[in-house]
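> Please dock the two separately framed chains into a single complex, following the hints provided.
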Amino acid sequence: AQSVTQPDIHITVSEGASLELRCNYSYGATPYLFWYVQSPGQGLQLLLKYFSGDTLVQGIKGFEAEFKRSQSSFNLRKPSVHWSDAAEYFCAVGGEYSGGGADGLTFGKGTHLIIQP
Amino acid sequence: EPEVTQTPSHQVTQMGQEVILRCVPISNHLYFYWYRQILGQKVEFLVSFYNNEISEKSEIFDDQFSVERPDGSNFTLKIRSTKLEDSAMYFCASSGRSFGAEQFFGPGTRLTVL
Chain A
1 AQSVTQPDIH ITVSEGASLE LRCNYSYGAT PYLFWYVQSP GQGLQLLLKY FSGDTLVQGI
61 KGFEAEFKRS QSSFNLRKPS VHWSDAAEYF CAVGGEYSGG GADGLTFGKG THLIIQP
Chain B
118 EPEVTQTPSH QVTQMGQEVI LRCVPISNHL YFYWYRQILG QKVEFLVSFY NNEISEKSEI
178 FDDQFSVERP DGSNFTLKIR STKLEDSAMY FCASSGRSFG AEQFFGPGTR LTVL
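Taken in sequence, the protein lines are chains A and B. Following my numbering, the numbering of the first sequence begins with 1 at its first residue and continues without gaps. Following my numbering, the numbering of the second sequence begins with 118 at its first residue and continues without gaps.
Chain B on its own, in the form it takes in the complex (with noise of 0.2 Å):
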């Protein structure tokens, strides 16, 4: 069954440096997400991309985040100088469809920022 994986499965930063969170979607999906959960809270909603643009954002991504799709496989959330609040799993999704569409999510990526 294909499956939306994600890389490093858990990053450990220093506060100010540049980290990029790795996904691969699932590979007929057209749609891509990002999503972020602070330990003990809700998943919240970051970032949707759609035909190579961003298609919505939340108040939570800020300047400080960038997404790219590198190649045909890769889907890529950077945070340019991390905070200390940026500690959180960060979860990647994609889609066949827009909106009402199941979303597949990957297993997450945990990010310590020290």
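This is chain A alone, in the form it adopts within the complex (with noise of 0.2 Å):
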């Protein structure tokens, strides 16, 4: 069964400061990879995702990710972050494909980041 392992539970970073958050998944087969975000109050939006190809993905809002099937990594990074970034970011993984029908996402425990001015 595919899983998802998120190791930081909380993350603070200075406002303007670099951001990586860390994301490692056990799949199979080549898998589907989705970082969203969370804020308070509100549903999941997707920042960015990963199907094949080129392993460096961008996103919205300024992230990036890299996929490193060495590493079973799909990190999420942001060169500077603003206070507005404060929010809890999800991986999720899926492909465990059934066979035409509808692929249910397996998310990490979140990591929620807070932002110092």
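Think of the hints as simulated: they come from the structure by calculation, not from any bench. There could be a bad hint or two in this list.
Some, not all, of what chain B presents toward chain A, calculated at C-beta under 7 Å [stated by the list, open to error]:
1) Lys-159
2) Val-160
3) Phe-162
4) Ser-165
5) Asp-180
6) Gly-213
7) Ser-215
8) Glu-219
9) Phe-222
10) Gly-223
11) Gly-225
Cβ coordinates follow ideal geometry from the N, Cα and C atoms, glycine included.
The structure is reproduced here in structure tokens:
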């Protein structure tokens, strides 16, 4: 069964500093990987996704992520964070394709990002 | 911009009662999902639905749960006899394709079972 590990429960970063959120996955075949962001009281918004091809993926709001098969990782990065980036970030994996059906995602536990002024 | 909507935003019920959570997916999407998030925990997949039938379901989705697309726009999750441990945020999602596609999430319904 697929699984996702986000080792950092909380991360505190100063505004303007760089950010890296870690994500490791376990999956037997080529995974489909996603990063979602959840602001308080809101639903989940997709930041970026990886299916195949270029292992460096660009997303919205200046985020990027790099797929490293050898490390089973899909870390999220941003060169300079803004106060509005404070939120909960979830890494997710899909790919247990059942053959024509709808593919449920497996989420990590999330990383709570705090931005210091 | 099209979005997934959910009603109600908050539902309070007594243990043992039936609840129905409602979702309106994005209109041209064909794949529908329910997830739940117990407070402080991760988002967990419950069930996916395609072509008027369940496509996948997790271990959480037992006989107490059912899903339905009663008309061309709504997608519902029914919990037959609620338990205290059903208290959670329930998210509906939809996608235009199957595996690997972006799933668009609604704002969620917070279910409180007393």
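> A closest beta-carbon separation below 7 Å is what the hint needs, so does B:Phe-162 meet it against chain A?
This interface hint holds because 4 Å falls under the 7 Å limit.
> Hey, does the B:Gly-223 contact hint survive, CB to chain A under 7 Å?
holds (5 Å)
> Hint B:Phe-222 vs chain A: min CB-CB distance below 7 Å?
Holds, because the Cβ-Cβ distance from B:Phe-222 to chain A comes to roughly 4 Å (cut-off 7 Å).
> The hint names B:Ser-165 as touching chain A; please verify it with the least Cβ-Cβ distance against 7 Å.
It holds, given that the least Cβ distance between B:Ser-165 and chain A is near 3 Å, below 7 Å.
> Against chain A, run the beta carbon of B:Gly-213 and see if the smallest gap drops under 7 Å.
violated (11 Å)
> Tell me if the interface restraint on B:Ser-215 is satisfied: Cβ within less than 7 Å of some Cβ in chain A.
Holds, about 6 Å.
> Do the numbers back the hint for B:Glu-219, that is, is its least Cβ distance to chain A under 7 Å?
holds (5 Å)
> Can we keep the B:Gly-225 interface hint, with Cβ of chain A closer than 7 Å?
holds (6 Å)
> Holds or violated: the hint that B:Lys-159 contacts chain A, with Cβ atoms closer than 7 Å.
Since the shortest Cβ distance to chain A is 4 Å, the answer is holds.
> Does B:Asp-180 pass the interface check with chain A, least Cβ-Cβ distance below 7 Å?
The hint is violated - B:Asp-180 has no Cβ within 7 Å of chain A, the shortest such distance being about 19 Å.
> May I ask you to test the interface hint for B:Val-160 with respect to chain A, counting a Cβ-Cβ separation under 7 Å as satisfied?
Holds. Min distance 4 Å.
This entry does not satisfy hints 5, 6, going by the numbered hints stated previously.
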